[in-house]
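**Q** Protein chains in written order, with the UniProt record's numbering: chain C, 1 to 341; chain R, 1 to 332.
Just so you know, not all the hints are guaranteed correct.
[To be verified] DEER-style ranges, computed between Cβ atoms:
no., chain 1, residue 1, chain 2, residue 2, range
1, R, E19, C, D69, 43 to 53 Å
2, R, A97, C, T283, 38 to 48 Å
3, R, K208, C, D329, 25 to 35 Å
4, C, M337, R, K115, 25 to 35 Å
5, R, N167, C, Y326, 22 to 32 Å
6, R, N167, C, D115, 51 to 61 Å
7, C, N339, R, D285, 56 to 66 Å
8, C, E172, R, K304, 39 to 49 Å
Everything labelled a hint here was simulated from the structure, so no lab data went into it. Fair warning: this is a prediction, and the values are worked out from it, not measured in the lab. Glycine included, C-beta positions come from ideal geometry on N, C-alpha and C.
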Amino acid sequence: MDFTTFVKPSNGGATESNDTSKLQFWKHVKYIENHGKQEDDYEYCMTEFLRMSGIFWGVTALDIMGQLDRLDRKSIIEFVKRCQCPSSGGFAPCEGHDPHMLYTLSAIQVLATYDALDEIDCDAVVRFVVGLQQPDGSFFGDKWGEVDNRFSFCAVATLTLLKRMEQTIDVEKAVKFVMSCCNQTDGGFGSKPGAESHAGLIYCCVGFLSLTQRLHLLDVDKLGWWLCERQLPSGGLNGRPEKLPDVCYSWWVLSSLTIMGRLHWISSEKLQQFILSCQDTETGGFSDRTGNMPDIFHTLFGIGGLSLLGHSGLKVINPTLCMPQYIIDRLGIQPQMVNQA
Amino acid sequence: MADSSDEEYLHTEWVPYSERAEWSDITPLPQDDGPNPVVSIAYSPKFRETFDYMRAIIAKGEKSQRALELTTEALRQNPANYTVWQYRRDILRELKANLQDELDYLEEVIGQNAKNYQVWHHRRVIVEMMNCPKWELELTQNALDNDGNAKNYHAWQHRQWAIRTFNLYDDELDFVDRLICEDPRNNSAWNQRFFVLKHFGFTPEIIKREVEYAMNRIRVIKNNESPWNFLVGVLRQSESGKLNSQPEVVEFSQGLYNAGNRSPYLLAFLIDLYQEQALETKQQDNSDSSAQKVYTMCEDMASKHDVIRCKYWQYVASHLKMQLAKQAEGFD
Chain C
1 MDFTTFVKPS NGGATESNDT SKLQFWKHVK YIENHGKQED DYEYCMTEFL RMSGIFWGVT
61 ALDIMGQLDR LDRKSIIEFV KRCQCPSSGG FAPCEGHDPH MLYTLSAIQV LATYDALDEI
121 DCDAVVRFVV GLQQPDGSFF GDKWGEVDNR FSFCAVATLT LLKRMEQTID VEKAVKFVMS
181 CCNQTDGGFG SKPGAESHAG LIYCCVGFLS LTQRLHLLDV DKLGWWLCER QLPSGGLNGR
241 PEKLPDVCYS WWVLSSLTIM GRLHWISSEK LQQFILSCQD TETGGFSDRT GNMPDIFHTL
301 FGIGGLSLLG HSGLKVINPT LCMPQYIIDR LGIQPQMVNQ A
Chain R
1 MADSSDEEYL HTEWVPYSER AEWSDITPLP QDDGPNPVVS IAYSPKFRET FDYMRAIIAK
61 GEKSQRALEL TTEALRQNPA NYTVWQYRRD ILRELKANLQ DELDYLEEVI GQNAKNYQVW
121 HHRRVIVEMM NCPKWELELT QNALDNDGNA KNYHAWQHRQ WAIRTFNLYD DELDFVDRLI
181 CEDPRNNSAW NQRFFVLKHF GFTPEIIKRE VEYAMNRIRV IKNNESPWNF LVGVLRQSES
241 GKLNSQPEVV EFSQGLYNAG NRSPYLLAFL IDLYQEQALE TKQQDNSDSS AQKVYTMCED
301 MASKHDVIRC KYWQYVASHL KMQLAKQAEG FD
């Protein structure tokens with residue numbers, strides 16, 4: 001099974017020039033449709049273990065571009081349903097693998113996008129997530145016991161989409177654990193208490209606080225300053241000091257700043273230039289940095305970043321859940337955001 | 001698929017499992033690619049076969065020496081497959097295998113896959129099973145040395161876990177000092193320094209020493225984000241928690257400014273320092289002069305030295321104005 005399984009036959013879009021200062025809209029659509037076909041085979045089978053997330057990245061990017069109807073809703077939902085583990089209730093990345101928090105969130109995001117949450121046993125999903133909370137408030141990623149703030153985010157995001165957060169987990173303790181990972185040096189967050197601040201994990205923690213309505217616990221100005229220091233002269237953002245800029249970090253920093261009402265602290269124009277420079281004008285898709293090979297992961301975060309920056313022709317994306325805003329509205333969910341300062 | 005390098009690695013020709021007598025009792029279990037694959041994936045025959053046998057063994061629940069060897073092969077082909085790692089642990093427990101061998105094996109795997117979540121997790125579980133952290137500092141040190149810039153997040157996480165779990169703090173500051181000497185901009189190393197200090201506690205003597213340490217590093221490279229953040233972190237541990245709690249730091253930073261340095265980190269520090277003073281001083285004159293310094297610096301940064309973040313600097317200035325106005329009205 002590959003991603004083209006889900007594509008409906010269609011004829012592509014208009015021809016575009018190879019100008020990296022413009023969004024190569026139709027090439028990206030084509031790139032996502034072709035994900036996993038032919039030349040990517042090796043990559044595709046090596047990434048079997050994150051197939052579910054791959055579907056989320058592709059579905060969401062296409063939806064933001066208003067092209068969701070290019071995929072076959074029914075076969076995607078069927079695939080997702082087959083990945084729910086009958087005993088634990090969690091989702092595996094694809095059949096034959098073990099369920100995990102990461103893919104459980106991706107599965108729920110995909111089903112929420114398709115308004116198909118009623119097609120699965122949601123109570124079983126809730127049981128899976130609740131069962132992974134630890135006495136200190138943290139979450140395991142699966143029953144084998146790795147703790148990471150990524151899983152705290154996945155847990156509350158999954159439960160928020162299912163509208164069962166407040167009544168099912170110990171939110172206070174979960175908050176306490178996440179806040180124990182806040183570093184006194186730079187105001188950022190790492191994966192665990194004491195771990196170095198890292199933009200990806202900051203997104204998880206800020207997103208977590210947004211979903212649990214606890215953004216007042218953040219020193220927004222201090223963290224905002226650290227985050228906007230991530231912008232480099234190229235316009236791109238890095239994830240830690242002295243690291244290279246990357247499209248996915250651009251998303252994580254940008255979405256965190258948006259949630260904290262501090263998006264305007266960086267130069268949107270230069271960031272947009274950087275993201276657009278990471279497009280592959282031949283094949284479509286975005287890479288991590290200018291000139292590298294594109295992949296589906298960076299393609300979503302490229303498109304998502306441009307949406308946050310208000311690029312025309314793209315639907316509005318919700319910075320906390322990385323899903324189209326209209327879906328979040330349809331679900332009646334309101335992740336907290338700080339007013340612009 | 002990298003079959004040629006695999007053969008090099010094995011120093012032997014690949015014999016398919018289907019042609020090996022010791023596997024003749026197993027019927028391979030192919031991957032179910034769904035009912036109507038439009039294009040089936042061109043897995044290499046070796047990859048496909050290995051995982052077909054792996055699935056068969058997992059389905060059967062067989063935990064044997066040959067099953068262990070099969071996981072080695074499967075993980076060599078795809079070290080990110082966490083289901084196989086988990087099954088490998090089940091086998092090791094069942095066979096009561098020699099875990100020292102497993103550590104040796106992992107050292108090699110981590111050497112080749114240092115940015116893979118699963119290998120590090122497996123390492124941790126094995127060390128827990130053995131209750132022996134003897135090799136963890138060396139292992140992570142090698143991983144950091146091989147990383148090129150000593151920032152591998154997995155290696156640092158594992159190192160912190162081992163240090164915390166087995167109380168291995170004693171020589172860590174020396175290690176961190178070495179890394180900071182090699183690369184004063186290594187934020188991971190600065191973070192680790194703070195991690196160790198926090199464990200031992202911030203006495204006034206330690207604060208003095210660490211403030212001095214950070215200032216010495218800043219003297220060499222002024223525009224270096226990490227020691228500035230570290231400095232703030234240490235000052236916040238003092239009794240008052242104020243940025244002006246150590247007079248030598250105030251003198252140091254003002255000296256840099258007067259000498260013409262305009263690093264954003266220096267400015268950010270001075271602005272926070274003057275801001276605190278402006279909001280605390282009872283005497284109006286002192287407050288006004290501190291506030292005035294903040295406004296001037298913010299203006300300079302926004303227009304000259306850090307234009308890309310001009311909105312941030314404008315915000316800092318207007319935010320202070322607002323706070324001072326509130327104070328004057330007696331709301332605060």
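**Q** Next step is simple, just say for each hint if it's right about the structure.
**A** Here is what the structure says about each hint:
1. R:E19 - C:D69: 43 to 53 Å: Holds, at about 49 Å.
2. R:A97 - C:T283: 38 to 48 Å: holds, 46 Å
3. R:K208 - C:D329: 25 to 35 Å: violated, 55 Å
4. C:M337 - R:K115: 25 to 35 Å: holds, 33 Å
5. R:N167 - C:Y326: 22 to 32 Å: Once the Cβ atoms are compared, 53 Å apart, the range 22 to 32 Å for Y326 of chain C and N167 of chain R is violated.
6. R:N167 - C:D115: 51 to 61 Å: holds, 53 Å
7. C:N339 - R:D285: 56 to 66 Å: Given range 56 to 66 Å: violated, Cβ gap about 34 Å.
8. C:E172 - R:K304: 39 to 49 Å: holds, 47 Å
Figure legend: structure checked against the earlier numbered hints; hints not met, in rising order: 3, 5, 7.
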